[in-house]
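Following the hints, position chain C against chain X.
Number of protein chains: 2
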Amino acid sequence: MKRNYLNNLPLEEAKRLFFDHLKAVGFGAQTESVASADACGRVLQNAVYAKICSPHYNASAMDGVAVKASDTFGASEHSPLTLTRERYSVVDTGDPIPDGCDAVIMVEDLIEAGDGKLTILSAVHPWQNVRQVGEDICMGDMIAPSGTVLTPALCGALLAGGVTRVDVLKKPLVGIIPTGDEIVPPTDDPQKGEIIEFNSTVFSAMLRECGADAKTYPITPDKKDLIRSALETALAECDIVLISAGSSAGRDDYTSDVIASLGTVLVHGLAIKPGKPAVLGEACGKPVIGLPGYPVSAIVVMDEIVADVLSAASGHSNRTRRTRTAVLGQKVVSSLKYTEYIRVTLGMIGGRLLASALPRGAGVITSFTKADGILTVPQNCEGYEAGEEVEVRLLDGVDPSNTLIVTGSHDPLIDEVSDLLQKSGAPFRVRSTHVGSMGAIYAVRAGLAHMGGVHLLDGETGLYNDSYIEKYFPNGGAVLEKGVRRVQGLMVAKGNPLHVKDFRDVVRVRYVNRQRGAGTRILCDHLLAKHGMRAQEIDGYTNEEYTHTAVAALIAAGNADAGLGIYSAAKMYDLDFIPICDEEYDFLISAEYADDPMVRAFLAALRSDDCKERLTRMGGYGLEE
Amino acid sequence: MKRNYLNNLPLEEAKRLFFDHLKAVGFGAQTESVASADACGRVLQNAVYAKICSPHYNASAMDGVAVKASDTFGASEHSPLTLTRERYSVVDTGDPIPDGCDAVIMVEDLIEAGDGKLTILSAVHPWQNVRQVGEDICMGDMIAPSGTVLTPALCGALLAGGVTRVDVLKKPLVGIIPTGDEIVPPTDDPQKGEIIEFNSTVFSAMLRECGADAKTYPITPDKKDLIRSALETALAECDIVLISAGSSAGRDDYTSDVIASLGTVLVHGLAIKPGKPAVLGEACGKPVIGLPGYPVSAIVVMDEIVADVLSAASGHSNRTRRTRTAVLGQKVVSSLKYTEYIRVTLGMIGGRLLASALPRGAGVITSFTKADGILTVPQNCEGYEAGEEVEVRLLDGVDPSNTLIVTGSHDPLIDEVSDLLQKSGAPFRVRSTHVGSMGAIYAVRAGLAHMGGVHLLDGETGLYNDSYIEKYFPNGGAVLEKGVRRVQGLMVAKGNPLHVKDFRDVVRVRYVNRQRGAGTRILCDHLLAKHGMRAQEIDGYTNEEYTHTAVAALIAAGNADAGLGIYSAAKMYDLDFIPICDEEYDFLISAEYADDPMVRAFLAALRSDDCKERLTRMGGYGLEE
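Chains X and C, in that order, are what the protein sequence lines are. When you line the first sequence up against numbering that gives the first Met the number 0, it's residues 0 to 624, in that order. When you line the second sequence up against numbering that gives the first Met the number 0, it's residues 0 to 624, in that order.
Keep in mind the hints are simulated off the structure, nothing from the lab. Check the hints yourself; a few may be wrong.
Since copy identity is lost for identical chains, a pair holds within one copy or between any two.
As the list claims (entries may be wrong) - Quick list of in silico lysine to aspartate or glutamate cross-link-like pairs, EDC-like style, CA-CA up to 20 Å:
1. LYS116 / GLU85
2. LYS191 / ASP91
3. LYS116 / ASP595
4. LYS22 / ASP414
Note that the coordinates shown come from a computational prediction; the quantities given were computed from them, not determined experimentally.
Same shape as in the complex, but just chain X (with noise of 0.2 Å):
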């Protein structure tokens, strides 16, 4: 089986040679001329100067008369003076002031005498009222230099300086070929072995954020000869080619060959995580970009190294990064191999603020939804400890102030509260975390959330929650609201054909888990106790999921045959549902932040008649209270 291998080289490194090599081969910025009405977000190339005065002559700031100043000297309330027909002009605001006229006097200070007369109670000095010529931009003044990003109203002060056209820098277009056998275009109903391509939609957005244009060619398969074409006519066409995927050294990887074959490869395999298997090249005198196919690698690419050559192609910078120290809320172990780009939510809490790792893995594209910002770990250090405090950069458009942190047990129903929050208009965000009812307990203790879902049964009293606080929170710090009753059951397959009965059938199918710390886990270890069994007779005890939904899914996909979770996930899954028991869900909230307007517009909106609603409709609650 062929097999090449990757670099290992750091990124700083990887950079400079590619930079140096685009700089030898003449990459760079280019210029067009656009008009200045079109100009707005656009950069000067050159300084711009104004071509006319403005205003242009000498105008009347005022709706009035245009007189001679000099006529009106000597009037006063004491001794007025009444200036006949011919001594003035009526001019409404913005009228040339008639030869001879230096000044108006203003509608409201003018008295009707009759025959056209009018009498004035004070004088004007010369200019009055008037906007001399050059008033605002004189002609031959400087309105920008070069490089200036235009704002709507500099694109005016062009325009009121006579300037119609500017040169700006060129926005660069980007070519993006998506490469795959398997990968096909966006569909709701994808039969196995299709991947959806979804990268090119990622990767035209982030360019259109940085000022580029881009453009999407057809997907094209696997093969060496068709990439290579594909290649040649987006190079015809673009300044800049990404090609997506197939930039690793596996048995289809045609990415660095073809590039190489066109030009010149500076690097492939990058020392940075994820994102190892990307290629830096160039053909044409265009820098020529294989991104990984996993796309939270090629989000990192991009970010990282794309976003470098499109400011080198338009010749300025598109990045305002904006960091923030933040305090870790978990240990981060990282390997000396590469730099690491860790995904992070943020939230103020307690007066910190707090960074808390996403999963890791290079295919999650939702670790990128729901992140905040990002932790770079260099390539010399091993990681952080919890509590260490750590440089985070944010993520556009993200203010982690005013975020709800709700850490512990999954259920639906927190998305359904924030999202009824969020329709409400409500001032502040929700950020929930699934770390399971254990999960709960250390983050409100820690001080690392305001919140958390718990459903921890006593197995010695077959009650819920009230016994955890008190071993857990003995001189207090925390208390609990109460939130739900939900049915806990196994999920079996439609038609149930092990014929799973009850919890000690799990012994003779492949189970699924959920991880250490939920309570579902403890409600597994409970069962099992009761009914006498041991975890090592479970097929799929150390197979564990975080999520009701996750464990529903692999049992629909028949990757399992039964899990413990709630009704709503089976359902959802049209699985077969064999209940076992009723639970509370309820929520442990941090004592400090018991009357926080968060946690209570949180608490009246899980109790509100809309949410009551949506969980009837999901099915398995119960809301008596």
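Here is chain C on its own, set in the frame of chain X:
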């Protein structure tokens, strides 16, 4: 003469009236369905749930072979295990896992053993190297709640979850009707009395920045029936209508009447400055806003009211207003009659953020193009003292750090140096203010500027600058860096029709002066004293302008006959020039910043060959040093 009167309604009261009415007539957000691939930046109307899992089948996470994990149990370096051809299937990354298999062995871990057999040195556990169904997204999970602004990654997640279309809030379409008998489309050669219509360009660009679409209608003359008919058209086509100009209560101001004839005028006249003559109305259930004709007034109304109308129309706030605490560089006086919006420049100096007020005229668009922020002086406040701390709203995209503050005498060379610095990619910007040479001394002494241009003639010695430094910085604190020599003289109309021969002739013409504190004003006063002339003799002595080009523009326009200024300004306006003296235009630099990299870069650019070439082209500069 017709005369209506404007109200003077406080802004908050006016907005309450206006928005309560809009709510009552049902004005609000509308929804449209768009392709998820085109939805970046749009706002979700409803929560979106995944329609399919991602991945939606069990996919190989690696290039390698798919196996049944249990077939590999027991393999180790000490007891290698060989798989026959029927026990594995070759899979690439992304390929479906064949039925009966539940794990993948990476190609790196395979040893070919002939006859299609493969040897392995370690076992794999079930689901190892497999992306199980739902690893990223589970069907039924909420991808994002309502109100979410879609990011590139979220668009990707929507497609990954099989959501190909989404309901988003409709972008409001805003119609703009420019009105006025005197206005003409942008041109570089307007006739006297023609005003270039650039406000609609400013509005369109502002609206687009807020996420709205804009449609500009043809210029409509000041005729009530024509404006009414234009408004009817715009109301039929748009969600919001802006009528530009005619919003006051003058002779030709019809906006208010026209809105009243088709709907309701809620407010006419706001207690804000600039922006007073605004009209807030409604017709056909849509907001109709009459914007003042003066650009600065209109921009303030756009910022303070139209932005909120867009928020109401789009269902979410478009405004992320950033504020900063700054120290005021000079006293600011405001009236108790209105809330005032003062444009300021910002820069860091001595660890403080310094705000300097820009010209306050409503017609001065350049006060917005130069502005970094807005200082709001509430109606109940008479202003602020110099040195007082104030809250300033940052304009979009402004980063006030890394600003070189150059405050002092005007010379176009400062703009040229600033442009050269921009072209060379300097990591800072230059903010220059023209307050005259004495202003430079004041600003550097008070810690309000890094440096400033000075050309101060000592009448007793005939020498420039040094004696002033000794006088105003007796204990040090400033250094003088040599700048340029330049020719000062009298500018007169082309052909010198009034036969001005030397400075003594200004007694018999209309003079235009520079402001107090300007080096050129000091030269003027020195010449008066030298020739035994008195200021009162000079017609126009109190006529003050702030720049050489402003003086030249007024002479070229015939508003004055003569004024002192530098040769380059006379040349720019094709004026005759009577040389009077050669002066030294130097830079006064705060001693604290004498070695500052920004200051050094400025001086290096000033002394560069590029700069010499530019100054030679402008004319009138001596560059021996």
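Exercise. So which hints don't hold here, by number, going up?
Worked result: 3, 4
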